[in-house]
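**Student:** Sequence:
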Amino acid sequence: MNTVPILGIPVAQTTKSEFVPHVLNELLHTEHAITIVTANPEIIMLAKENYNYERLLKASSYVVADGIGVVIGAKMLGTPIAERIPGYELVHEFMNTAAPGHNRFFFYGAKPGVAQEAATKAKELYPQIDVVGVCDGYGNDGDGDEVAAKAAVSEPDFIFVATGAPKQEEWIALHKKKFPHTVMMGVGGSFDVLSGNVDRAPDIFIKLNLEWFHRLITQPTRAKRMLKIPQFLLAVNKAKKHL
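Taking our numbering, I'd label the letters of the sequence shown as residues 380 to 622.
In case anyone wonders, no lab produced these hints; they're calculated from the structure. Misleading hints may appear alongside valid ones.
[To be verified] No farther apart than 35 Å at their CA atoms in a straight line, the calculated lysine-lysine pairs in the DSBU-like style are these:
no., residue 1, residue 2
1, 427, 437
2, 546, 529
3, 427, 619
4, 617, 586
5, 556, 529
Please take these sequences and the hints and turn them into a complete structure.
**Tutor:** The following block contains the structure:
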């Protein structure tokens, strides 16, 4: 799959309709974990500030453009990406289209009780899936190593990790060798939305690529994190001048 280098991070040049079946087909034949990073400007800027984090992003199987800022950055660099691929939508797509016999899901992360609520909702929406394990992200179900051991015993086809960046990608990188036939994806706040504890942006915000703005006005505590968006675009513009 072709990639676009954005501040040194190789972002997949793909669409959701192309990416999902590509990963599902690879899952049927793989002998190693398929690791997916759903990157927004904050994640890419964090990689610029943390070499070890940058290295593990580069070592992941796929980095997809979760945030519209990443799509804009690619366009600024003259290597456009067709669309953003929100991690939350990938969660639904994988559950909806996973092949029979390859539809075992493990949920890890979020506050106590939220992952279980998300898993319950997932089973209601997609009764064909098998939820083989649920652990929260606050240590009540064990530390990271213990969660990995529990997940390995359950032999999942998919592991969704909702402990936030960079922790979720670091956990995946540390434990991926335990899961040779598994899709492992960091999903940020997806469990909060899937469980119904947090509302996703209305469709009009999503269609206008303003989901980030809806988060800002409904969760003002994210304001500091949102500063990464202009910082990211300034960094991309600087990189463009050196092309």
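**Student:** It remains to establish, for every hint, whether it holds in the given structure.
**Tutor:** Tested hints:
1. Note on residue 427 and residue 437: the hinted pairing holds, with a Cα-Cα distance of about 12 Å set against a maximum of 35 Å.
2. A distance of roughly 18 Å separates the Cα atoms of residue 546 and residue 529; the hinted pair therefore holds under the 35 Å criterion.
3. With a C-alpha separation of about 16 Å, the suggested pair residue 427 and residue 619 falls inside the 35 Å cut-off, and the hint holds.
4. Pair hint residue 617 plus residue 586 holds up; C-alpha atoms about 29 Å apart against a cutoff of 35 Å.
5. Using a Cα cut-off of 35 Å, the hinted pair residue 556 and residue 529 holds, with the two alpha carbons roughly 14 Å apart.
Figure legend: structure checked against the earlier numbered hints; every hint is met.
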